[in-house]
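Undergrad: Single-letter residue listing:
There are 2 protein chains.
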Amino acid sequence: MYSEGMSTSDTSDRLIESTRELLWERGYVGTSPKAILERAGAGQGSMYHHFKGKPDLALAAIRRTAEEMRATAAGVLDGPGTPYERIEAYLRRERDVLRGCPVGRLTMDPDVIASDELRAPVDETLDWLRERLAGIVEEGKEQGQFAPGLDGESIAATIVATVQGGYVLARASGSPAAFDVGVRGLLSLLSPHQDH
Amino acid sequence: MYSEGMSTSDTSDRLIESTRELLWERGYVGTSPKAILERAGAGQGSMYHHFKGKPDLALAAIRRTAEEMRATAAGVLDGPGTPYERIEAYLRRERDVLRGCPVGRLTMDPDVIASDELRAPVDETLDWLRERLAGIVEEGKEQGQFAPGLDGESIAATIVATVQGGYVLARASGSPAAFDVGVRGLLSLLSPHQDH
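If you read the protein sequences in the order shown, they are chains A and B. The first sequence begins at 1 in full-length UniProt numbering and counts up one residue at a time. The second sequence begins at 1 in full-length UniProt numbering and counts up one residue at a time.
Hint data in this document are derived by calculation from the structure and do not stem from the laboratory. Treat the hints loosely; a few may be bogus.
Unchecked claim - With a straight-line cut-off of 27 Å between C-alpha atoms, the simulated DSS-like cross-links for lysine-lysine are:
no.: 1; chain 1: A; residue 1: K34; chain 2: A; residue 2: K54
no.: 2; chain 1: B; residue 1: K52; chain 2: A; residue 2: K34
no.: 3; chain 1: A; residue 1: K54; chain 2: B; residue 2: K34
no.: 4; chain 1: B; residue 1: K34; chain 2: B; residue 2: K54
no.: 5; chain 1: B; residue 1: K34; chain 2: B; residue 2: K52
no.: 6; chain 1: B; residue 1: K52; chain 2: A; residue 2: K54
no.: 7; chain 1: A; residue 1: K34; chain 2: A; residue 2: K52
Chain A extracted, bound-state conformation (with noise of 0.2 Å):
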């Protein structure tokens, strides 16, 4: 319940939480300004005192939403462990498995690449993403821990696919088991003690 001394720094927020959601639940396309409005218990006058209209509002969702992914992959990643140890922490993290990721999914709206300013903040997270990991394999590298000849920047990418990936397989079987099997197989490849 919101007070009736509501701020209007409340309202801007309420705006953005239901249009993350709905950006959720029905894609770009699907999220009317009216189902906005109507969810966050706004009129239209407050949406146009902070947001110049949809795009401008569906920016401000997409880069809270990546502002988050981030923090919690930072939390992981910058962690305690060896650099195998992270990454495995990062691959095997609780994930709402079926919901997707929520910043990957958005690569698979139309409407959000075929704006290169509502892609940017999804690129630019994925990008931070593989080069957080690409450093962390480089330093594995010097401790002996992943063979030489590996490129941190292939493997790093290899990593996020497996990830974004995993939620597709998941997705489709209706089952997070074909995420975490995924996950297996790359660990089993990327792990200092298979005997290849």
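Starting from the known structure of chain A, fit chain B onto it as the hints suggest.
TA: Relative to the frame of chain A, chain B by itself:
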């Protein structure tokens, strides 16, 4: 141009093709029966003559897309070469990467995933692909090309996930290169010549 002597199977076919295009461009929620009829140049009566409605037509469209993907993948996986070479050929086969996987993308459509009937052809196709790849990995293990400790089923899931996630990376960055980098990383991990 369609001739006046157009048969009913031509109409059915055009309805299916129009639905495929629209599902691809606009998603299920954005695909109205009206838009399908307009694109197919067909009347409402002819649609209901062939199909029970939009869900039925969407199912026929998804089934056709799934069959095509299966035939394309089989063409490479059943081709010549060692197990590693066939997996490499599958990973490197020419793709319209920026469009995304016609089958995998459907898993990000909330309406497709909410329907067991529409989800089934997607699930079956990805399942078939994983089983086919798992068989090839097992073949490679028997031939000493892959480490005996690798599990065919998990590696197959990692391969499919890398491809599906590769589309996500490519679409996020607006460039097919991101797909190729992830594939390169996976191949370096799978390579019989890597020096682990």
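Undergrad: Next, verify each hint and record whether it holds.
TA: Structure-based check of all given hints:
Under the criterion of a C-alpha separation no larger than 27 Å, the hint pairing A:K34 with A:K54 is consistent with the structure, at around 10 Å. The suggested pairing of B:K52 with A:K34 is violated, with an alpha-carbon distance near 31 Å, which exceeds 27 Å. Restraint check for A:K54 and B:K34: the C-alpha separation of about 25 Å stays at or below 27 Å, so the hint holds. Under the criterion of a C-alpha separation no larger than 27 Å, the hint pairing B:K34 with B:K54 is consistent with the structure, at around 10 Å.
Pair hint B:K34 plus B:K52 holds up; C-alpha atoms about 15 Å apart against a cutoff of 27 Å. This hinted pair does not check out: B:K52 and A:K54 have alpha carbons roughly 35 Å apart, beyond 27 Å. Distance check on the hinted pair: A:K34 and A:K52 sit about 15 Å apart at the alpha-carbon level, within 27 Å; holds.
Hints 2 and 6 from the list above are not met by this structure, while the remaining hints are.
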